[in-house]
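Enquirer: Below, each chain spelled out in residue letters.
Number of protein chains: 2
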Amino acid sequence: MNEKSLIKLIKSTLNSSEYIGDDCAYLPDLGIVITQDSLVEDVHFKTSFITPYQLGFKTVMVNISDVCASGAEPEYLTISLSLPDYIDEKFVKDFYEGAQKASEKVKIVGGDLTGGDKIYISAAAIGSAKGRKISSRSNAKPGYKIIVSGEHGSSAYGLNMLLDGKNEPERFIKAHLMPVAQREFSKLISENIKEDYAMMDTSDGLADALIQIALASNVTIDIDTSKIPHDPLVDIETVLYGGEDYQLVAAVPEYLLKKLTGYTIIGDVKKGAAVLNLDGKIYTNIDNKLYKHFKE
Amino acid sequence: MNEKSLIKLIKSTLNSSEYIGDDCAYLPDLGIVITQDSLVEDVHFKTSFITPYQLGFKTVMVNISDVCASGAEPEYLTISLSLPDYIDEKFVKDFYEGAQKASEKVKIVGGDLTGGDKIYISAAAIGSAKGRKISSRSNAKPGYKIIVSGEHGSSAYGLNMLLDGKNEPERFIKAHLMPVAQREFSKLISENIKEDYAMMDTSDGLADALIQIALASNVTIDIDTSKIPHDPLVDIETVLYGGEDYQLVAAVPEYLLKKLTGYTIIGDVKKGAAVLNLDGKIYTNIDNKLYKHFKE
Numbered sequence: 001m002n003e004k005s006l007i008k009l010i011k012s013t014l015n016s017s018e019y020i021g022d023d024c025a026y027l028p029d030l031g032i033v034i035t036q037d038s039l040v041e042d043v044h045f046k047t048s049f050i051t052p053y054q055l056g057f058k059t060v061m062v063n064i065s066d067v068c069a070s071g072a073e074p075e076y077l078t079i080s081l082s083l084p085d086y087i088d089e090k091f092v093k094d095f096y097e098g099a100q101k102a103s104e105k106v107k108i109v110g111g112d113l114t115g116g117d118k119i120y121i122s123a124a125a126i127g128s129a130k131g132r133k134i135s136s137r138s139n140a141k142p143g144y145k146i147i148v149s150g151e152h153g154s155s156a157y158g159l160n161m162l163l164d165g166k167n168e169p170e171r172f173i174k175a176h177l178m179p180v181a182q183r184e185f186s187k188l189i190s191e192n193i194k195e196d197y198a199m200m201d202t203s204d205g206l207a208d209a210l211i212q213i214a215l216a217s218n219v220t221i222d223i224d225t226s227k228i229p230h231d232p233l234v235d236i237e238t239v240l241y242g243g244e245d246y247q248l249v250a251a252v253p254e255y256l257l258k259k260l261t262g263y264t265i266i267g268d269v270k271k272g273a274a275v276l277n278l279d280g281k282i283y284t285n286i287d288n289k290l291y292k293h294f295k296e
Numbered sequence: 001m002n003e004k005s006l007i008k009l010i011k012s013t014l015n016s017s018e019y020i021g022d023d024c025a026y027l028p029d030l031g032i033v034i035t036q037d038s039l040v041e042d043v044h045f046k047t048s049f050i051t052p053y054q055l056g057f058k059t060v061m062v063n064i065s066d067v068c069a070s071g072a073e074p075e076y077l078t079i080s081l082s083l084p085d086y087i088d089e090k091f092v093k094d095f096y097e098g099a100q101k102a103s104e105k106v107k108i109v110g111g112d113l114t115g116g117d118k119i120y121i122s123a124a125a126i127g128s129a130k131g132r133k134i135s136s137r138s139n140a141k142p143g144y145k146i147i148v149s150g151e152h153g154s155s156a157y158g159l160n161m162l163l164d165g166k167n168e169p170e171r172f173i174k175a176h177l178m179p180v181a182q183r184e185f186s187k188l189i190s191e192n193i194k195e196d197y198a199m200m201d202t203s204d205g206l207a208d209a210l211i212q213i214a215l216a217s218n219v220t221i222d223i224d225t226s227k228i229p230h231d232p233l234v235d236i237e238t239v240l241y242g243g244e245d246y247q248l249v250a251a252v253p254e255y256l257l258k259k260l261t262g263y264t265i266i267g268d269v270k271k272g273a274a275v276l277n278l279d280g281k282i283y284t285n286i287d288n289k290l291y292k293h294f295k296e
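For the record, the sequence lines run as chains A and B. Letter 134 of the first sequence, counting from 1, is numbered 134 in our numbering, and no numbers are missing. Letter 84 of the second sequence, counting from 1, is numbered 84 in our numbering, and no numbers are missing.
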């Protein structure tokens with residue numbers, strides 16, 4: 001199964017397909033965005049690598065990150081847990097303590113508990129659009145600057161360390177197991193911008209987010225890869241194609257930059273074919289390089 | 001694992017526990033309710049009994065039913081699907097056609113697709129509280145009447161037929177595989193009532209819903225079981241304890257009844273101990289009779 005072709009199929013089946021395509025669905029009549037993201041045992045995580053506390057923390061952050069990518073303020077979460085028989089109360093308590101820690105001001109307000117053969121976690125998050133301009137990946141315009149939050153590739157580097165049985169340096173393990181959603185970066189942009197703009201999180205990798213924006217906006221995105229912030233230990237392939245950093249990448253007008261902090265300019269949006277230009281190499285898709293979980 | 005003791009544990013871990021306890025969480029600042037419910041292969045369904053179309057239909061109805069239980073207007077849905085490798089495009093297309101059919105005016109606006117060993121479905125539904133009074137199971141008051149929509153026990157009767165390899169009479173199979181959420185019953189009550197009231201759906205059985213209301217509201221609920229509408233083929237144990245009918249049961253003031261249609265009065269709310277009185281037999285819990293899925 002190819003996820004992208006299945007999403008096309010689903011959009012052609014539904015009569016509400018205009019809502020589908022961004023990290024969140026924007027519901028203007030209710031003034032909210034909603035997203036739902038799942039974590040499946042042995043697909044997205046292995047219990048030998050991640051503690052229940054970290055798993056609860058990451059579940060919440062992954063969903064809050066999607067809300068941040070829309071520019072909305074994360075407010076509420078529901079969590080649905082499917083748990084095998086061997087799971088004990090301590091697991092559930094630790095999981096929710098991690099979830100509570102990651103939530104900060106976001107309220108966990110419901111969900112359900114069911115049995116299952118493996119651990120399956122699905123969470124839905126709601127954000128408020130009040131006072132915020134909501135992004136869409138189709139809103140990048142020629143002349144806009146491409147900016148990113150944080151460092152890239154550290155999570156995938158940490159995953160590779162775990163797969164190799166290494167635990168040091170610990171900062172990479174932490175980047176993978178306990179990513180932090182970029183609330184402030186999102187808020188600064190969405191509260192200060194007047195124009196349409198594009199923003200995504202880098203859950204499937206930075207290059208994937210960039211190409212999604214280029215395709216949806218029908219623009220050329222030129223990236224100078226030497227500008228992408230990353231840990232000196234992380235190679236450029238992992239920086240570009242490693243996923244799960246949950247950093248943000250945005251295409252915004254230049255005037256906005258003086259109102260922002262904590263960003264790095266890595267490229268430009270240009271008129272032209274819907275392609276990603278990485279230091280002069282042109283890509284129309286990077287599916288063969290896409291970040292892989294344990295199994296897809 | 002006991003679901004109810006785990007929910008207690010979760011509530012004690014979270015600092016937002018006041019939202020947890022009803023079929024939906026009510027978020028007054030956003031004017032919405034939200035619910036999330038999951039269907040797990042071999043726990044809630046078997047692919048040998050249910051078609052992909054029916055599964056999509058039921059997924060949507062189960063979540064819309066929770067919104068109806070709150071009294072809100074169902075408006076938006078997200079669906080998260082975890083699918084094993086053997087699942088083909090036809091399954092996905094049929095699933096979403098069933099989901100679209102059940103949705104009617106509700107819009108399916110997102111979700112995600114992941115791999116997995118079994119089919120795992122989790123959906124989140126949002127309802128609008130605009131012009132509606134939102135229910136809570138803790139709001140039953142002495143003097144209120146207990147009313148129900150529809151017929152009870154048909155779904156569990158249908159499940160037992162499937163387990164016995166029987167396909168006739170078809171109405172029971174349909175009640176189990178393609179339940180219909182009670183939108184009109186919910187709307188009539190929540191648009192016309194001024195006082196606090198209790199309402200639940202009967203996903204875990206009618207007797208379970210009644211005892212939840214009695215316990216949460218700290219009242220005695222007297223039921224005349226001969227008044228409960230049911231198909232003549234269905235025995236009273238299945239009527240009381242069979243689940244997944246997705247009918248509604250409500251405790252409402254008597255004056256409201258003249259504004260309603262399609263309801264049956266089955267009992268009264270009385271001052272006294274928090275118990276369920278079925279024809280004179282007193283219950284403080286019915287956990288040993290609770291509706292069982294294939295596996296829990």
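Among the hints, a few may not be true.
Note that identical chains are pooled: a pair holds if it fits in a single copy or bridges any two copies.
To be verified - Okay, derived cross-link-like pairs now, DSS-like style, lysine-lysine, Cα gap no bigger than 30 Å in a straight line: (1) Lys105 <-> Lys289; (2) Lys130 <-> Lys187; (3) Lys11 <-> Lys105; (4) Lys118 <-> Lys4; (5) Lys194 <-> Lys107; (6) Lys8 <-> Lys270.
Rather than coming from a laboratory, the hints here were simulated on the basis of the structure.
Enquirer: Name the hints, by number, that the structure is in violation of.
Expert: 1
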